[in-house]
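Let the sequences and hints guide you as you build the complete structure.
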Amino acid sequence: MNVNPTRMELKKLKARLKTAQRGHKLLKDKTDEMVRRFSVLVRETKKLRDSVEQDVVNVLRQFSLARGFMSRKEIELAFSMPTVAVDLECTTVNVLNVEIPKLNLQQTQSGTQYPYSFVDVTSEADYAVLLVSKVLGKLLQLAEAEKATAMLADEIEKSKRRVNALEYVMIPNIEETIRYITMKLDENERAGLTRLMKVKSMIEERNG
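Using this note's numbering, read the sequence shown as starting at 198 and increasing by one per residue.
None of these hints come from the bench; they were simulated from the model. Heads up, some of the hints might be wrong.
Said to hold, decoys possible - Result set (EDC-like, lysine to aspartate or glutamate): computed pairs, CA atoms no more than 16 Å apart in a straight line:
no., residue 1, residue 2
1, K225, E354
2, K225, E364
3, K335, E250
4, K357, D229
5, K243, E341
6, K244, E343
7, K209, E373
Right, here's the structure in full:
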């Protein structure tokens with residue numbers, strides 16, 4: 198570091214080194230905690246994704262089965278008037294200074310759960326509608342969890358870069374500069390002492 202080798206600068210650098218070391222420890226602890234939470238979240242997200250994928254497969258299979266007993270026109274007519282309105286509210290929660298999205302789904306049902314007359318459709322369609330109503334909430338949970346996982350992964354990467362910059366660049370540079378200034382100050386002190394001894398010797402010779 199390009200600094201003047203003075204005692205004032207040495208004092209400033211020592212204070213700066215303490216701050217950098219304390220910041221490094223705090224940032225490393227935060228990164229370790231984020232990695233721990235990230236690992237837990239990844240496992241939970243994988244379980245949820247597997248469950249949602251299986252639910253979606255079941256829904257599609259059930260709708261396909263219902264279409265086998267009904268014509269395309271009957272299917273489109275039966276599901277053309279939905280009875281449930283959904284309202285999605287998106288907020289955020291703070292996890293280790295990372296703003297993670299939180300999705301809140303509100304469903305408002307008008308009339309019965311099924312948007313058609315039971316005379317017009319088969320029981321397979323009823324079961325398909327029931328499965329869809331259950332899987333929607335889980336889909337939103339999965340979206341929320343995967344977004345949180347991605348955001349935590351980005352923040353962990355940033356924190357690791359900061360930790361490495363402090364550990365391998367900034368702190369070693371400050372320590373090296375402190376050693377350089379200390380060495381220069383010691384050299385100046387020895388040079389000053391040598392001059393004083395020389396002057397004292399000259400004065401003694403002159404007085405002698």
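Status of the hints after comparison with the structure:
1. K225 <-> E354: Answer holds: K225 to E354 is near 12 Å, not above 16 Å.
2. K225 <-> E364: holds (10 Å)
3. K335 <-> E250: Distance of about 10 Å is within 16 Å: holds.
4. K357 <-> D229: Measuring from Cα to Cα gives roughly 9 Å; hence the hint holds.
5. K243 <-> E341: holds (13 Å)
6. K244 <-> E343: holds (12 Å)
7. K209 <-> E373: holds (14 Å)
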